[in-house]
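Engineer: Letter by letter, the sequence shown follows residues 75 to 363 of the numbering used here.
It is worth saying that the hints were derived from the structure and are not from the lab. Glycine residues also receive a C-beta, built at the ideal position from the N, C-alpha and C atoms. Errors might be hidden in some of the hints.
[Claimed, not checked] The calculated label-pair distances, taken between Cβ atoms and stated as ranges, are:
hint, residue 1, residue 2, range
1, PRO327, TRP349, 13 to 21 Å
2, LYS302, ASP102, 31 to 39 Å
3, ASN117, ASP303, 24 to 32 Å
4, PRO327, ASN264, 25 to 33 Å
5, PRO353, HIS266, 21 to 29 Å
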Amino acid sequence: MRKAAVRDGDPTTTSGFVIVCLSTITDDGKKIALSGEEATCGNCKGTYKIFGTGQGVSDKGRLIVVDGDSVLCPCGKNKVIVGSNSRIFLHTSRGSAAAISATESLGIASPAPDRLAEDDDVEDTYPVPVSDATVNPDCSYLDGSNARIDAPASLYKRTNNISVGPGKQTTFEFPGGGTATATRFDATINGHPVNIYVPTQNPAQGYGIPGEKEIAKALETVPPQQYKDLQRISINPAANSQDATWQKIYNDPTFSSAATASIDQGVAFYPWKGWSTFPQEYVDSTMSA
């Protein structure tokens, strides 16, 4: 079955709307939503992740969100609705629909679409060609199919001027770990202000986090279209609170977030298991992903 791709601002069934921040694919000037983007919910009064099932095209290793895909909010009734004049259509299999049903309750572990068993009745997946749709260069290194260290060298090109002021003691509401004492470093990227929050609390034994020096160095690689909306970066002492949800979706109890990002939250780095020092390329690619 082919379904239309959902774009930034498209509505949802509970009077919400789609918020696209990650995608570089456009249709008629609007960004196409990727799996992991967010939508609001009129019932739950918040923003929640979208589980995308559109197959045939991916961006940054994420599938495309199509009409009827689920928003992973507590009410379980929120689905995205394609807006008018969408011109990109993708296949979604019956297996993907089953995955959606499982994730709506968040009580049944369901595999990611690219891990679903093949169905002989499902047509080969492909996108309908659209003249004004633009797709990023290969980003397979971001989804684990290629090593992170093999990312394109241009990703690490250092073009930004960064300055970082002295640390100041404060409190901060970390996305992982809640409100806690922190050190704030006031930085600028080519004159654009960005706050870096470093916890005073250490992560759990066996886990590590990058420091403000690695973060500041990584800011040298961030393209202007990303840093213009960036206000804060947090280095979190505890794991992403949404990891349990994604473990169920991907049927992988070991899954953990390296980082998350949104306009409101900024970029949040989380503890990495088994790491005490961090290759700068890894921090660069996570920041620029």
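Engineer: The structure should be examined with respect to each hint, and the outcome stated for every one.
Structural biologist: Hints and how they fare:
In this structure, PRO327 and TRP349 meet the distance hint of 13 to 21 Å, their C-beta atoms being roughly 20 Å apart. For LYS302 paired with ASP102, a C-beta distance near 23 Å fails the hint of 31 to 39 Å. For the pair ASN117 and ASP303, the supplied restraint of 24 to 32 Å holds, since their beta-carbon distance comes to about 28 Å. Roughly 42 Å separates the CB atoms of PRO327 and ASN264, a value that falls outside the hinted 25 to 33 Å.
For the hinted restraint 21 to 29 Å between PRO353 and HIS266, the CB-CB distance of approximately 26 Å keeps it satisfied.
Hint compliance for this structure: hints 2 and 4 are not met, and every other hint is.
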